[in-house]
Each structure stands twice: as structure tokens, then as C-alpha cells.
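Student: Spelled out, the chains give:
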Amino acid sequence: MTPALRVDGLGKIYGPGTTADVAGTGPGFNRVVSPTSGGIVAAWDVSFEVGPGEALGVIGESGSGKSTVMRCICGDEEPTTGSIRLASVDGGGTDLRTLSPARRRALRVDRLAVVYQDPAEGLDLRLSAGGNVAERLTAAGWRNFGRIRERASELMLRTDVPLDRMDDPVREFSGGMRQRVQLAKALANNPPVVLLDEPTTGLDASVAASVLDLIRDLLEELGVAAVVVSHDFAVIEMLTQRVVVMHHGRIVEAGLTDQLLEDPQHPYSQRLVGAARG
Amino acid sequence: MAEHRTVKLEVQGLHKSFVLHAVDGRRINALNGIDLAIHTGEHVALVGSSGAGKSTLLKSVYRTYLPDSGTVTLRLAAGAAVELTGLEDRELVALRVREIGYVSQFLRSEPRRSVRDTVARAGRRRGLDHDASLDAAAEILRRLGIGENLWRSYPSLLSGGEKQRVNLASGIICPPGLLLLDEPVSALDPANRESVLALIAELTSWGTTVLAVFHDLDAIERLADRVVLLSGGTVAESGHPTDVLRTLTNPLGAIA
Numbered sequence: 126m127t128p129a130l131r132v133d134g135l136g137k138i139y140g141p142g143t144t145a146d147v148a149g150t151g152p153g154f155n156r157v158v159s160p161t162s163g164g165i166v167a168a169w170d171v172s173f174e175v176g177p178g179e180a181l182g183v184i185g186e187s188g189s190g191k192s193t194v195m196r197c198i199c200g201d202e203e204p205t206t207g208s209i210r211l212a213s214v215d216g217g218g219t220d221l222r223t224l225s226p227a228r229r230r231a232l233r234v235d236r237l238a239v240v241y242q243d244p245a246e247g248l249d250l251r252l253s254a255g256g257n258v259a260e261r262l263t264a265a266g267w268r269n270f271g272r273i274r275e276r277a278s279e280l281m282l283r284t285d286v287p288l289d290r291m292d293d294p295v296r297e298f299s300g301g302m303r304q305r306v307q308l309a310k311a312l313a314n315n316p317p318v319v320l321l322d323e324p325t326t327g328l329d330a331s332v333a334a335s336v337l338d339l340i341r342d343l344l345e346e347l348g349v350a351a352v353v354v355s356h357d358f359a360v361i362e363m364l365t366q367r368v369v370v371m372h373h374g375r376i377v378e379a380g381l382t383d384q385l386l387e388d389p390q391h392p393y394s395q396r397l398v399g400a401a402r403g
Numbered sequence: 157m158a159e160h161r162t163v164k165l166e167v168q169g170l171h172k173s174f175v176l177h178a179v180d181g182r183r184i185n186a187l188n189g190i191d192l193a194i195h196t197g198e199h200v201a202l203v204g205s206s207g208a209g210k211s212t213l214l215k216s217v218y219r220t221y222l223p224d225s226g227t228v229t230l231r232l233a234a235g236a237a238v239e240l241t242g243l244e245d246r247e248l249v250a251l252r253v254r255e256i257g258y259v260s261q262f263l264r265s266e267p268r269r270s271v272r273d274t275v276a277r278a279g280r281r282r283g284l285d286h287d288a289s290l291d292a293a294a295e296i297l298r299r300l301g302i303g304e305n306l307w308r309s310y311p312s313l314l315s316g317g318e319k320q321r322v323n324l325a326s327g328i329i330c331p332p333g334l335l336l337l338d339e340p341v342s343a344l345d346p347a348n349r350e351s352v353l354a355l356i357a358e359l360t361s362w363g364t365t366v367l368a369v370f371h372d373l374d375a376i377e378r379l380a381d382r383v384v385l386l387s388g389g390t391v392a393e394s395g396h397p398t399d400v401l402r403t404l405t406n407p408l409g410a411i412a
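Keeping their order, the protein sequence lines are chains A and B. For the first sequence, position 216 matches number 341 in this note's numbering, and the numbering has no gaps at all. For the second sequence, position 255 matches number 411 in this note's numbering, and the numbering has no gaps at all.
Keep in mind that the hints are not guaranteed to be accurate.
[Stated by the list, open to error] To give a feel for the contact side, a few chain B residues facing chain A, derived at Cβ under 8 Å:
{"#": "1", "residue": "177"}
{"#": "2", "residue": "192"}
{"#": "3", "residue": "220"}
[To be verified] Take a look, some chain A residues computed to stay more than 10 Å from chain B by CB distance:
{"#": "4", "residue": "264"}
{"#": "5", "residue": "291"}
{"#": "6", "residue": "392"}
{"#": "7", "residue": "395"}
Worth flagging that the hints you see were computed from the coordinates, not collected in a lab. C-beta: ideal position from N, C-alpha, C; glycine also.
Isolated chain A (complex conformation) (with noise of 0.2 Å):
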């Protein structure tokens, strides 16, 4: 089968570094720093695959390079080295990195959707919560109005978003009820493949908890491949099957979700557990 997304060999370093610099950085050393050159190794052979209708878990500590690997894999970075395919384009056959800028960011609109942490970053806030999921919807060439409205509709009552609001700006959403609509984005042409960075972090529990079932009951329903990164293993327990531990920079360990929390294998996954489990 065919992965809807395969990342291979991603490599990301930022300032002077080149990748003479990768040795002596990673987990072994305990740095992401360059010792001769000061060049970050901020992500570094980092290669999975995703399935369609599957979830993989990239957990780690701030500064582990989940986040980096997100915004390499989405184009919000340029990795220094690796591919990234994914099946909807060209069947796996072509490397993202080899596309044109405006190619690529094309591909947001419905290859490749992304959900960020902070709702700014993928909604126009000035924007009414339709008006967003339109911006998305038109993008992929959907020009009557009437059926834009009524497609926007319903993606917003799938996410929960009361239907009296959708012609409010966002900026007036509550931090839970803009992460609704930029779900609500994210989804609205079916992308195959969707990234979600810390997508309930930042929330209140008890709307973190609904935000959270809400993505899960997606997640089941739509059959995409997801990447979900987080540092906490009650999101990646709840949405995934499969996860990636990363450790300065590096996939320290891969595995089953169950696995990874009960047999992690890694001395760090094991202290990450541990820590998170009491």
C-alpha cells in the first residue's frame, strides 16, 4: 500500500551549520548545537510513513524538533536534506522539495492540511468563520456562492461551530471555537493528509477535552492520514495508532502507541513515560 505521506531522511539546521556539523549533536551528546560551528541541528534523519485513515504520534519535549519536522513537512521551512511525498501527488513519485514555491503552498488547499497550535497562523482572524472556510473552498475553485455557503455550513456544524456565528470575525471566537473553525478550514476539500501541531495546547481542559474528541471523531470518520505532534501522551494516546519519539532532534524510538507507554524501549522514552505517568 501506497503511504499518504513518506518523509525520508528530513534534515533541518539552522545558522551557520552545514551538515559536516551533524556529528557530535543528538541525543548521544545530549545537544542540538554544533560544537565547531554553532549551527542547530534542529531535526535530523527523521523518516516515517502514514496510511490513510491512520494517526502517528510525534511526542517529545519542547525543543525535541517535532515542530521543526511539522513545518518542513508542510512548507513552512525548508528542510537542509530529506523527501517528502506524498501518494496524492504524481503516486509518491515526486519529491515536494522539487516543487515551486506556489506549487507547493497549493497544495495546502486540499493535499495537505495543516492545524496549528495557534489559530492565527491558519486563519485570518478578520475574517467571518465562513468567510475563512470559503477562502479555502474558492481556493480550490468553488464559485458558486450558494454552494460555498452551504458546504461551509455544514463543515461548520460538523465541528461544532453554532451556526449564528458564522458570519462573526473570528477575532470575537473564543480560543476553542477559533480551533473549531480552523479545523473546519482545514477539512474543507478532503485533504488525504492532515498535520496537527499541539492542536488543543493552550486550551482550558475542559475545552481541550472537546476540542480533543472532536479531532478523534474526525479522525475516524474521514479516513485521512494524520500527523499528530504533541508533548502530551493523552492527546497521542487518544489519536494515534503508531508514534515517532523525538530527542534532540532525533526519532529516538518508533512504535505502537501501547507500546511506546508500555514497554518504551529508549532510556528516554522510558524517563518521558515515567514522567508522564508518575
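With chain A held as given, fit chain B onto it using these hints.
Tutor: Only chain B this time, still in chain A's reference frame:
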């Protein structure tokens, strides 16, 4: 019953240890070379003292625990045999949907999802459509004595015994070919225990292969075709339930 039944699950030379990196890298050996073959439709009960490796074996088969060495070979419904310890994670996730089920003694209900929805969703994950999943959930919940008045409540509000039955209902709503049961009746009162045991017996009669840990001898004598005694992480004895249970000098002490 056919004389030449196929082997559903074959465990060979299975070793499992836990390395505690936080405790000086200490290694704890849990399974020390398990050999075990189970036929299609057979119900095998694991017995042994606490720490003998019963739950570890179930979890190592399901791959919640990652075995150190040895093989676990499962014959799929379609007939092909698959070795599980070395299987790609993605493929194992897929196998867990249809081929292998695991029901734990620990009550792991999903938060904020009603009882009926919890069970129905388990059915949908295994390929039932929406309406069929709700019907199947209703039927199995009734069979297990979970009344309609509880279907809309959240599992977290239920009693231990009710949660345990919701867990079991989710695990067998679409019976997998191989069912791993880890003390599924530990929290049940006699009447509900009875309905659960009857249902497990029925699954076996339909061809589901069961590998189970029960702490009560009566359940084992009623359900098991064979009893396997584990000791120190190896198979010490395997045979007819009454024979194996009798050889235990102090059965209650050894099994509890």
C-alpha cells in the same frame, strides 16, 4: 471436531525482558523461551503464580510488549501465516483491527463517549457501517447485561463490573480470529460473570481462538480445552484442565 485442525497461533522460543534504564539498566527477565501452539477454535487458559509471565505472554503476542527474541506466528482468517514479532508496525495496526483482539482486566474506556457509542465505534473500526454498528452494540450490550438505561452514560460513571463488560463488548463486537483475554471477569458479580462466561463459550464454539488468563478455576474448567501452566517465564506443563489443575499442589495459592 476435526482431527487435523490448523494451528492458529504458534509461539516459539519467546523471550521478553524489561531493561530499566532508570535503575542502573537493570534487566528483568519475564519470558524465558515460551513454546506454545494453539489450534483454531481452541480455548487455552494460562495459569501460574503471579509473575509467572501470563499477562506478559498475552501482551507480547499482541505486541504491546516488544519481545526480545523468538517468533509468534498467526494464521490469518484468509489462511496465510504472519510472523508478528517482526511485523511492520503499520501492518500490525491493521491486523489488530480484524484478526487479533485483546481485552484487558484494566478498564480502559475512552473518555467522554457514551457506552453504546464506545462499543459501536469499535464495530465501525472493524468495518461495520453506522447503523449495523449501533444494532450490534445494542445486541452485545444486552447479552452482557448492560441495560438500555446505561447506554447514554459515559463509561467513567459506571461501576467496575459494568466498565469491564463494556470493555469486553468493544473487544468482541466483531469477534477477531484470535482473542486474548486478561482476567475479563475479575470484577463481576456471579450473575454477570455467568453471562460473560456463556458468551466466551459461544465465541469459541463459533471458531474464535482464545488465549486467556482467568484467576478463577471454575471459569477455566468450564471454558478451557487446555490449560498451560507457566512458571518462571516458561511452559511448565500443558494438558487437559482437570489434569493440570490437579497437579498443582496448592492450586489456589499457585493461581491466585
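Student: Hint by hint, work out which the structure violates, then give me just those numbers in ascending order.
Tutor: 2, 6, 7
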